[in-house]
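Residue numbers (full-length UniProt numbering), protein chains in the order written: chain A, 1 to 399; chain B, 1 to 399; chain C, 1 to 364; chain D, 1 to 364.
Wrong hints could be hidden among the right ones.
Anything over 12 Å on all C-beta distances counts as not near chain D; from chain C, calculated [to be verified]: (1) Asp35; (2) Ser219; (3) Arg312; (4) Ala341; (5) Trp345.
Here are the simulated BS3-like cross-link-like pairs (lysine-lysine), alpha carbons at most 27 Å apart as the crow flies [what the hints assert, rightly or not]: (6) D:Lys16 x D:Lys194; (7) C:Lys194 x C:Lys16; (8) A:Lys172 x C:Lys194; (9) D:Lys122 x B:Lys172.
If you are wondering where the hints come from, they were derived from the structure by calculation, not from laboratory data. This one's a predicted model, so the numbers in the text were calculated from it and none came from an experiment. Every residue, glycine too, gets a C-beta built ideally from N, C-alpha and C.
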Amino acid sequence: MTVLEQPGAYAPAPPPSWRPRTDAAPLLPDAEPYRVLGTRGTRTAQDGAPGPDAGLLRRLYAAVVHGRRFNEQATALTRQGRLAVYPSSRGQEACQVAAALALGERDWLFPSYRDTLAAVARGLDPVEVLSLLRGDWHHGYDSPGTRVAPLCTPLATQLPHAVGLAHAARLKGDEVAALALVGDGGTSEGDFHEALNFAAVWQTPAVFLVQNNGFAISVPLAKQTAAPSLAHKAVGYGIPGRLVDGNDAVAVHEVLCEALDRARAGGGPTLVEAVTYRLEAHTNADDATRYRTDQEVEVWREHDPVTLLERELRDRGLLDEATVREAEEAAERQAAELRERMHQDPPLDPAELFAHVYAQPTRQLRDQADQLRAELEAEQRSAAAAQSAGSTTAGEETR
Amino acid sequence: MTVLEQPGAYAPAPPPSWRPRTDAAPLLPDAEPYRVLGTRGTRTAQDGAPGPDAGLLRRLYAAVVHGRRFNEQATALTRQGRLAVYPSSRGQEACQVAAALALGERDWLFPSYRDTLAAVARGLDPVEVLSLLRGDWHHGYDSPGTRVAPLCTPLATQLPHAVGLAHAARLKGDEVAALALVGDGGTSEGDFHEALNFAAVWQTPAVFLVQNNGFAISVPLAKQTAAPSLAHKAVGYGIPGRLVDGNDAVAVHEVLCEALDRARAGGGPTLVEAVTYRLEAHTNADDATRYRTDQEVEVWREHDPVTLLERELRDRGLLDEATVREAEEAAERQAAELRERMHQDPPLDPAELFAHVYAQPTRQLRDQADQLRAELEAEQRSAAAAQSAGSTTAGEETR
Amino acid sequence: MSTAVRQPAAAAADRKPATMGQALRHALRDAMADDPDVHVFGEDVGSLGGVFRVTDGLTAEFGPDRCTDTPLAEAGILGTAAGMAMYGLRPVVEMQFDAFAYPGFEQLVSHISRMRNRTRGKLPMPLTVRIPYGGGIGGVEHHSDSSEAYYMATPGLHVVTPATVADAYGLLRASIASDDPVVFLEPKRLYWSKADWDPQEPEAVPGIGRAVVRRRGSSATLITYGPSVPVCLEAAEAAREEHGDGAEGWDLEVIDLRSLVPFDEETVAASVRRTGRAVVVHESPGFAGPGGEIAARITERCFHYLEAPVLRVAGFDIPYPPPMLERHHLPGVDRILDAVARLQWESGFTESGGFGQGRGGGAV
Amino acid sequence: MSTAVRQPAAAAADRKPATMGQALRHALRDAMADDPDVHVFGEDVGSLGGVFRVTDGLTAEFGPDRCTDTPLAEAGILGTAAGMAMYGLRPVVEMQFDAFAYPGFEQLVSHISRMRNRTRGKLPMPLTVRIPYGGGIGGVEHHSDSSEAYYMATPGLHVVTPATVADAYGLLRASIASDDPVVFLEPKRLYWSKADWDPQEPEAVPGIGRAVVRRRGSSATLITYGPSVPVCLEAAEAAREEHGDGAEGWDLEVIDLRSLVPFDEETVAASVRRTGRAVVVHESPGFAGPGGEIAARITERCFHYLEAPVLRVAGFDIPYPPPMLERHHLPGVDRILDAVARLQWESGFTESGGFGQGRGGGAV
Ligand SMILES: Cc1ncc(C[n+]2csc(CCOP(=O)(O)OP(=O)(O)O)c2C)c(N)n1
Ligand SMILES: Cc1ncc(C[n+]2csc(CCOP(=O)(O)OP(=O)(O)O)c2C)c(N)n1
Ligand SMILES: [Mg+2]
Ligand SMILES: [Mg+2]
């Protein structure tokens with residue numbers, strides 16, 4: 001059996017018989033980002049859909065509260081010299097958390113450097129997640145075990161990986177979908193284009209979530225694209241494009257679940273654009289005042305993902321002070337634990353530099369490992385010598 | 001004055017105030033490729049537009065007749081060992097000729113390896129145009145002088161060049177547009193994506209003509225894309241997409257002229273998809289029977305660009321036998337001249353290998369040029385020695 | 001300055017001749033038959049069988065899911081291959097020509113070569129990137145690059161290149177079986193080279209990382225690989241005869257490296273210590289090409305055995321020439337023998353200080 | 001094994017200190033002021049002034065048409081730069097980090113480097129590609145590559161890299177003025193290095209293609225460039241003192257190559273002929289790195305002057321390490337002095353045959 005049969009190949013007939021392959025209309029995103037939070041009156045009236053499940057709302061709430069605290073803690077760790085760098089997802093917690101919770105057990109997540117929170121919300125050990133940004137190794141968690149690919153630094157390069165993995169799973173007959181995260185800036189890279197095209201042609205069970213947070217470092221979206229929306233790019237690949245309020249955790253979760261279900265069922269990929277905003281600078285090392293005003297940020301603070309969700313829960317009577325306190329305390333506990341663990345120096349072994357380059361180190365690498373070992377031993381010996389000399393002197397002095 | 005002001009930047013306001021930047025509808029291509037030839041009755045009735053100008057029809061006719069003959073001649077030259085390889089544009093002459101004739105004097109053309117005919121139709125010396133495929137040098141004509149960029153082999157890489165050149169012209173205040181040609185296969189490359197995005201964001205006076213000839217070597221369009229049409233990709237960049245019958249020289253010419261005029265006037269780029277068909281194999285070295293049937297080709301032969309145009313001229317009473325004969329004789333003359341000139345060995349100078357690598361050859365290149373010169377002199381000396389020895393012997397023998 | 005391509009000695013017999021292209025096809029076929037996780041994909045590898053026909057018949061035998069025509073996008077091909085490898089498959093991808101692998105450079109260098117290291121072995125990349133490379137077939141611009149220097153300089157990749165029909169099969173099987181990414185460079189102009197080789201009983205060859213002495217000799221060592229191996233063997237034959245000013249013939253040893261990474265220092269050093277002289281020969285431009293590394297490394301290990309500096313005969317430091325001029329660029333027999341002649345055979349040269357601005361300076 | 005970065009001797013004075021980053025910014029500014037055809041563009045070069053602030057203030061002074069934020073796409077940046085050069089502009093583009101230039105590799109290698117050659121000089125490519133490179137700043141994965149080997153192996157490119165504040169200005173001006181494409185490699189960890197340098201009267205420096213002896217010496221020559229220049233100068237200072245088993249200090253010569261292409265054979269060969277011993281030092285992985293070419297070339301030209309093989313001290317043959325381990329990877333003073341110590345100072349070593357499987361074998 002082949003999974004690669006082309007759904008409705010173009011008729012090779014010449015014009016006028018030739019027609020576009022499919023109707024573009026159903027692929028186009030809505031004229032307005034999809035929202036759930038705060039729309040209860042209008043929406044149920046409109047489409048009769050049941051409101052979001054209370055359990056889900058509570059889980060999302062606990063996760064965004066934790067996520068907000070996690071972002072704060074990680075940023076603090078940069079100031080304490082415990083992280084080399086941290087790209088905060090403050091303001092984007094709804095996307096991060098919804099992405100993690102939308103995934104099925106066997107689904108894979110393909111995050112970028114900004115998506116630590118999505119990995120943590122999926123249940124990964126935050127210290128392992130932060131390995132790249134701490135700098136003790138390039139990557140800290142067990143990817144096959146967690147079904148979370150390494151945090152990816154070269155922009156958009158993780159998208160073809162997601163497509164390949166999902167394609168491989170489909171070839172093997174496994175019901176696995178891949179969710180790949182990318183920024184608005186990343187959509188300009190060739191790899192974005194190539195990945196979406198491969199996925200569309202192969203009907204790969206991959207979902208692409210663009211977190212459009214308004215900026216690629218300093219470059220605003222208007223200098224990144226002239227498209228009506230990034231979701232409109234979907235039609236150029238022949239896949240559906242969805243536009244969603246990225247600060248509405250419930251809406252993002254719903255849209256992603258739908259897309260992932262469709263993908264697993266063989267319905268092909270989806271491009272989702274989540275409109276959101278990066279409330280902090282690009283990373284702790286960036287200076288956002290160089291390219292945007294406080295007023296602009298202020299407007300987005302009014303649309304904060306944590307507040308939006310909290311308001312909904314309160315409106316629906318699902319949130320009492322005890323629940324709030326409980327969520328906050330849990331977040332605080334986790335932050336404290338993270339802080340404490342991150343203040344311990346990570347185990348480092350210079351020999352690892354040579355251990356994983358190939359399945360078997362080459363002769364050259366073995367020689368180099370030997371060389372480094374010898375150097376380090378010499379270093380230690382002279383340090384020890386200096387110390388014993390020093391302690392003798394010290395001893396003599398105090399004598 | 002800046003040319004880079006963003007036309008209507010996104011409002012950074014959060015949803016629900018946030019809306020797609022522009023209405024996508026006007027950017028979407030028509031549901032059917034635009035045609036002119038053979039539609040006179042219907043079209044004038046429908047939109048009251050005047051029929052195509054008789055002079056233009058005649059110029060296009062002469063050019064496609066010549067183009068067809070040129071393709072045949074060039075293919076013949078491969079069999080005679082006078083071209084290393086030839087990718088024929090037979091079946092695509094309408095696109096080639098229309099592209100050349102649509103260009104203004106100062107506009108630039110960015111052709112691919114298949115677009116020799118477009119360069120020839122623009123008036124370039126065919127022998128110079130064929131240099132790459134003959135193999136005497138990589139490129140044979142004066143690009144700045146002719147405003148035709150080198151025939152480009154790495155797919156889609158010429159598109160960002162076109163964007164850069166048109167952008168530079170605009171920065172300098174020159175009214176210059178660039179027309180870049182690319183195949184259906186080339187649209188899958190990252191460079192296609194990046195070029196169109198740059199052009200859209202910068203509102204560059206560039207027009208992109210995709211000659212969708214159904215195949216990328218052996219790979220049919222259905223394995224290349226799942227999009228409704230390639231023209232639908234335009235909306236993802238926020239530029240208009242046009243769909244045109246690529247075997248209808250008049251329609252292609254009209255659509256390109258419109259797009260180029262708009263570009264020069266500061267209206268930004270356009271993506272045009274011309275639906276056409278490659279009647280011959282990918283190149284003389286290819287075996288098309290491996291991937292397509294004769295029946296399929298037959299259907300397209302019925303929609304031949306030369307016949308379509310000829311029929312129109314006859315229908316409109318613009319073509320008498322004398323004109324036909326005249327066009328054919330002119331084509332024949334040009335083919336004969338080409339054949340004759342291509343049968344002369346091109347001048348070759350091995351020293352050129354080192355002459356153009358840098359503005360000033362490096363010391364290493366000078367040494368290498370010396371080395372090659374010495375080798376060639378030695379070769380000549382020993383050949384001469386062998387010959388004089390040989391002629392002596394021969395002389396002795398006949399004595 | 002001949003650039004004619006001849007078969008290695010073993011190929012002279014004509015009983016059951018197979019071409020290198022056929023041997024490669026057999027290797028792919030057998031690897032796919034033996035292991036359902038082996039997937040072949042790339043541009044035109046399906047019904048066309050690839051532009052060099054190396055994948056001919058694979059889609060017919062294994063179906064389009066196992067041998068798949070991709071959209072035309074090399075970064076996409078390499079990137080999806082990486083993803084497939086992450087799920088446990090063993091992708092074998094084809095780049096259509098050397099220069100057309102460049103669009104995928106970032107995926108190869110930033111991901112494929114580093115994924116195992118990044119993940120401490122959790123996500124190995126058992127994938128093979130087949131790249132037809134080199135010139136000598138009259139290809140137009142961008143169709144004749146020798147790009148091995150780029151891959152050699154990228155830690156984490158293996159770089160393998162066969163010169164014989166048997167090695168084409170054996171090394172490709174070994175590459176596909178390798179748990180590490182292999183850039184498998186196929187010398188274009190040897191695709192049609194023939195040898196007596198039986199697909200039913202493909203002869204065993206040494207593994208990846210082992211160089212082979214293709215011809216024993218005592219005067220000097222020619223160190224080479226891929227498309228230049230037959231040329232060096234031809235040069236060695238020519239060198240046997242008398243030459244120059246009535247001097248005796250040279251008895252040249254020829255080493256086929258077979259894999260540039262890992263580099264087999266032992267075999268090469270042992271030979272050079274014996275002969276005391278060496279010339280590295282390759283088609284790739286000389287400057288910052290493979291020969292620099294090889295010469296430097298050999299010199300480090302054999303300095304006091306060397307009677308002369310290790311010389312290099314390489315392509316010039318220029319973009320690959322157009323078809324009608326390529327014969328001037330490719331290292332041919334005469335150019336190799338010229339270099340051998342410059343290995344300071346006169347005794348006066350062995351004195352310290354005797355050699356300086358000699359002819360050797362600008363050879364590559 | 002210190003990896004501390006110190007200023008070259010000239011920088012010790014503190015009268016009007018400027019950083020290398022500032023000197024680069026002045027070079028861009030002055031080039032733009034002098035020639036309206038100079039256009040700067042890339043990711044974040046506008047209001048942000050680049051992540052290293054090298055383009056700070058250019059948009060404010062020259063407007064967004066002259067210093068332009070591009071969409072995020074490196075092939076697009078290099079490809080449009082090529083097109084702009086075709087129309088007579090002189091683009092100066094910034095790649096944000098070394099590894100993020102790889103997506104544009106095809107445009108650089110297949111077009112920018114070859115366009116002049118392809119068009120017989122009709123379409124020169126007077127463009128400059130600025131790439132911050134190398135490690136030592138605690139950058140995470142993909143932010144510390146030394147990618148010079150790739151560019152050196154590409155005929156048609158110049159490869160230039162400054163090590164001093166004055167050179168940063170002078171060489172960048174020369175690169176922008178060059179009618180050929182220049183890959184201008186900016187050593188990241190020297191961005192904040194300081195020297196006494198006056199933007200009003202920038203001192204004249206030798207042009208592209210000229211190496212400079214930064215420190216005179218007689219014992220051996222350290223050949224280096226970019227980020228390793230200060231380290232070598234430090235090593236040379238340390239070598240003056242007594243060391244080892246009470247042996248006398250070495251007087252090391254230090255050569256700063258300044259441009260890898262064109263490579264200044266004369267200056268280097270003259271020094272090595274004088275000292276008879278040489279070590280090449282760079283951060284890039286050793287295997288198939290710049291040092292191989294340099295060592296091989298020097299050996300070809302100076303064979304009979306050499307008392308020992310040219311050794312190399314380079315980064316290991318591994319992907320660049322994570323921040324907490326990078327100090328082990330970077331060539332530091334101790335590792336350089338170890339290599340110098342292996343240059344066969346004992347007279348016994350100079351006998352032919354005395355050196356073989358010695359310590360030098362696996363140094364790089
Ligand atoms: C290929 C590549 N080019 C450049 C960079 C440098 N860089 C890191 S983040 C960034 C901006 C990314 O913006 P976006 O995709 O919108 O994601 P965000 O940071 O906003 O989440 C840039 C240019 C990179 N990481 N990879
Ligand atoms: C980057 C790159 N990859 C691969 C190739 C090899 N190749 C040459 S032509 C071709 C097919 C191109 O198809 P299309 O773009 O539809 O143009 P057509 O040949 O049909 O005019 C391929 C794969 C190439 N030239 N460049
Ligand atoms: Mg962003
Ligand atoms: Mg095509």
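Quick rundown of the hints versus the structure:
no., hint, verdict
1, Asp35, "holds, 28 Å"
2, Ser219, "holds, 18 Å"
3, Arg312, "violated, 7 Å"
4, Ala341, "holds, 15 Å"
5, Trp345, "holds, 14 Å"
6, D:Lys16 x D:Lys194, "holds, 9 Å"
7, C:Lys194 x C:Lys16, "holds, 9 Å"
8, A:Lys172 x C:Lys194, "violated, 38 Å"
9, D:Lys122 x B:Lys172, "holds, 20 Å"
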